[in-house]
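Enquirer: First to last, the protein sequences are chains A and B.
Mind the numbering: the first sequence is residues 628 to 951 in my numbering, read in order.
Mind the numbering: the second sequence is residues 442 to 869 in my numbering, read in order.
Possibly wrong hints are sitting among the right ones.
[Unchecked claim] Straight line, CA to CA, 25 angstroms or less: simulated PhoX-like cross-link-like pairs of lysine-lysine: (1) B/K792 x B/K755; (2) B/K661 x A/K673; (3) A/K678 x B/K755.
Honestly, the hints are just simulated from the structure, not real lab data.
Predicted model only: the values in this text are computed from it and were never measured.
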Amino acid sequence: MPLITYRQALNDAFAEELTRDENVFLMGEEVAQYNGAYKVTEGLWKRFGSKRVIDTPISEAAFLGLGVGAAMMGLRPVVELMFWSFAYVGFDQIMNNAGCIRYMSGGLINVPMVIRGPANGGTNVGATHSHTPENFLANTPGLKVVCPATPYDAKGLMIASIRDNDTVCFMENTLLYGDLGEVPDGSYTIPLGVADVKREGLDVSLIAHGRAVLTCLAAAEILATEHGIEAEVVDLRSIRPLDEETILNSVAKTHRAVLVDENKPFCGVSAQIAALLAEHAFDDLDAPVLRVTALDAPAIYSMPLEKLQLPDAQAVVAKVLSSF
Amino acid sequence: MARTLSLPSKSKKTAAKKVVRLAAPKVVAKKASPKSLKPLKTKGPAQTGKKSPTKPITAKATAKAPTKAVAAPPKVTSSDFSSSPFNSSLKPAEKIGFLREMLRIRRFEQQALKYYNQGIMGGFLHLYNGQESVAVGTASLMNGHDEIITAYRDHGHALAVGMGMNECMAELFGKGTGCSKGKGGSMHFFAPDKHYWGGHGIVAGQTPLGLGLAFAIKYKQINGCAVAFLGDGAVNQGVFSECLNMAALWDLPIVYVIENNGYSMGTSLERSSAVNGSLAKRAEGFCVEWATCGGFDLYELRANLGAAMERARKESKPMVLEVSTYRYYGHSVADANTKKYRSPEEIDLYKSEHDPITLWQNQLLSEKVITQAGIEKIDDEAKAEAAAAAEFGIASPWPSEESIFEDIYHEVDHKTEAGQTGSFFFSE
Ligand SMILES: Cc1ncc(C[n+]2csc(CCOP(=O)(O)OP(=O)(O)O)c2C)c(N)n1
Ligand SMILES: [Mg+2]
Numbered sequence: 628m629p630l631i632t633y634r635q636a637l638n639d640a641f642a643e644e645l646t647r648d649e650n651v652f653l654m655g656e657e658v659a660q661y662n663g664a665y666k667v668t669e670g671l672w673k674r675f676g677s678k679r680v681i682d683t684p685i686s687e688a689a690f691l692g693l694g695v696g697a698a699m700m701g702l703r704p705v706v707e708l709m710f711w712s713f714a715y716v717g718f719d720q721i722m723n724n725a726g727c728i729r730y731m732s733g734g735l736i737n738v739p740m741v742i743r744g745p746a747n748g749g750t751n752v753g754a755t756h757s758h759t760p761e762n763f764l765a766n767t768p769g770l771k772v773v774c775p776a777t778p779y780d781a782k783g784l785m786i787a788s789i790r791d792n793d794t795v796c797f798m799e800n801t802l803l804y805g806d807l808g809e810v811p812d813g814s815y816t817i818p819l820g821v822a823d824v825k826r827e828g829l830d831v832s833l834i835a836h837g838r839a840v841l842t843c844l845a846a847a848e849i850l851a852t853e854h855g856i857e858a859e860v861v862d863l864r865s866i867r868p869l870d871e872e873t874i875l876n877s878v879a880k881t882h883r884a885v886l887v888d889e890n891k892p893f894c895g896v897s898a899q900i901a902a903l904l905a906e907h908a909f910d911d912l913d914a915p916v917l918r919v920t921a922l923d924a925p926a927i928y929s930m931p932l933e934k935l936q937l938p939d940a941q942a943v944v945a946k947v948l949s950s951f
Numbered sequence: 442m443a444r445t446l447s448l449p450s451k452s453k454k455t456a457a458k459k460v461v462r463l464a465a466p467k468v469v470a471k472k473a474s475p476k477s478l479k480p481l482k483t484k485g486p487a488q489t490g491k492k493s494p495t496k497p498i499t500a501k502a503t504a505k506a507p508t509k510a511v512a513a514p515p516k517v518t519s520s521d522f523s524s525s526p527f528n529s530s531l532k533p534a535e536k537i538g539f540l541r542e543m544l545r546i547r548r549f550e551q552q553a554l555k556y557y558n559q560g561i562m563g564g565f566l567h568l569y570n571g572q573e574s575v576a577v578g579t580a581s582l583m584n585g586h587d588e589i590i591t592a593y594r595d596h597g598h599a600l601a602v603g604m605g606m607n608e609c610m611a612e613l614f615g616k617g618t619g620c621s622k623g624k625g626g627s628m629h630f631f632a633p634d635k636h637y638w639g640g641h642g643i644v645a646g647q648t649p650l651g652l653g654l655a656f657a658i659k660y661k662q663i664n665g666c667a668v669a670f671l672g673d674g675a676v677n678q679g680v681f682s683e684c685l686n687m688a689a690l691w692d693l694p695i696v697y698v699i700e701n702n703g704y705s706m707g708t709s710l711e712r713s714s715a716v717n718g719s720l721a722k723r724a725e726g727f728c729v730e731w732a733t734c735g736g737f738d739l740y741e742l743r744a745n746l747g748a749a750m751e752r753a754r755k756e757s758k759p760m761v762l763e764v765s766t767y768r769y770y771g772h773s774v775a776d777a778n779t780k781k782y783r784s785p786e787e788i789d790l791y792k793s794e795h796d797p798i799t800l801w802q803n804q805l806l807s808e809k810v811i812t813q814a815g816i817e818k819i820d821d822e823a824k825a826e827a828a829a830a831a832e833f834g835i836a837s838p839w840p841s842e843e844s845i846f847e848d849i850y851h852e853v854d855h856k857t858e859a860g861q862t863g864s865f866f867f868s869e
């Protein structure tokens, strides 16, 4: 299988879908002639032209809303946010329109749109550019939320998201764009709502999404080699729909859960998983559910301190050890 | 190009001229050009003050700030517009049809009001009474490929495009037989099969959706346009300005119709908007063609909006059309202050002099298209239809409890593969 970057995997997914369905179009700031602020859409404007790959003005509310309106009419917009942090100026369009129109119309309308872009901290750019809004997007019934951790998942989940008939909020990660992974050529999909056990183990379940999955894998190696603990790493891949079954099966097997989350702790994704475990895995658990999340403060600029704000492998290892 | 404005005072004029020239719309001819539209009615209810409500205004839009003591809209001069290409070939049956639609909307809403006041109907109820001509005029101009979208004051548009009174009334009662199965309520009526995309509760939230409709029309090369309605208060939302820029930048076939009824809730236009002649004039800053017209007389509305829509379709260009109109009731029925921020005399004046239904009836009587008895018959039918719709709504069942989790995800509703993987809902 070809070894390509996470960025290229996404790019390939767009090319596949732009070729397959003429209703698919890409839109966003700098996605076309500039080739994308993070070069995720590189070459697509040249290949598919101005009708299909469209540069927008810096007007998130208007172009997100435009996407919703166009999707209501049967087009399949893939709208890039340069950062998910910028969604906030257009939040009404996501929450009220993309999220609620189907319901409020009694099912007469659906909004097959993908809203995508990076949502991560850890890049030394301060609070306004470091938000991880997957928790509050997933808090809105009507929206779907996807957070791929690897190039393979990124491509398959992106193709599935573009073909999905509901609005999918697709969260990438600037720190992952350069990561290499094996990705098949051509088209394939990974269904939303199916978690992936990225490492099997019997002693503790590390449950995460996005880049935190890689942190967990690194921690699992340390736990295995230095502490003789075999951790299972569950990659949620999508937050909503959520693969509750895989989570519960894993915890039923390991009897321990440590939730690792670059999202904030308060009402964050890990809080939802903790509630799930409290309700449905109580009897399976040999220890309290523990969490390693982003520190509960706005993302700090200062580089060494920012590193402390996000979960790292050592923090995960320490938390796991504390549960035994 | 009028694309870059720099010096405020000087460039304003230049930009204005350029926009007019840029547009030089063949179909619109002179009427839609802001400079030549006559009579310019930007001083309709827009600048209605509380004093001297009887003085008619015929002034043109000027660069001056609006004066306070302006009151009534200009006298309606239907005959000026009956010969417009959009009106001259109307058949009597069509003209009578417009009357029927306006009466149906009014009777529908009055019926709803009755039950709302009895406490049987909940929610907000934003009545369209007084503005019916705008929705009916618009629907009458739709070509089968045009798409429309509006805000929460949406009953009139819904009925005008052909939604049934029963489904609409049942929705107001929150019943499962409602157009949105009781999930949307008064502010959220939709009928995509009738090219009607809602019904939106967030002020100006529908304006970029309208842009998306226009985008899709252009993308699919359809011979149509989008018409997006917004209020005089909604123009102050930032997203609307973003939309004007993008509409001009991408030549999207959209007509933004500002239904200027003079008030946003209890705030008069002069207390909410910095105005230089008209709200529509703001479009100049975005190189978007604009015009104003009266909305009380169907001929006038059709002449102006018809030209705007035709231009949007043929030239794929956006336009802002500000229509003066007036609502008789409060912002919503729950608006207890409806007579505090405006005088009862003002309301009476509009009802007696500028009621779109009365004006149209008189027009048709003078054209001998209909008799008084004929009008009464239509009105009686509208009343009976509305009463029957209310009965239907009341008698209809509530939505089923299971339906709470329906119509959230398309994939779940349709039991597709994508709707089967993972948990979608998290309440027990
Ligand atoms: C974003 C937002 N802010 C405030 C409101 C509350 N609100 C609803 S309608 C309205 C007044 C709008 O007036 P206008 O745009 O003139 O429309 P009209 O009611 O006259 O039809 C307000 C303040 C809202 N629904 N949405
Ligand atoms: Mg208003």
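Enquirer: Under the criterion that the straight-line Cα-Cα distance not exceed 25 angstroms, is the pair B/K661, A/K673 satisfied?
Expert: Status holds; Cα separation ~21 angstroms.
Enquirer: Does B/K755 sit within 25 angstroms of B/K792, going by the straight-line distance between their CA atoms?
Expert: violated, 37 angstroms
Enquirer: Is the hinted pair A/K678 and B/K755 satisfied, with a Cα-Cα distance of at most 25 angstroms?
Expert: holds, 19 angstroms
Checked against the numbered hints listed earlier, the structure breaks hint 1 alone; every other hint is satisfied.
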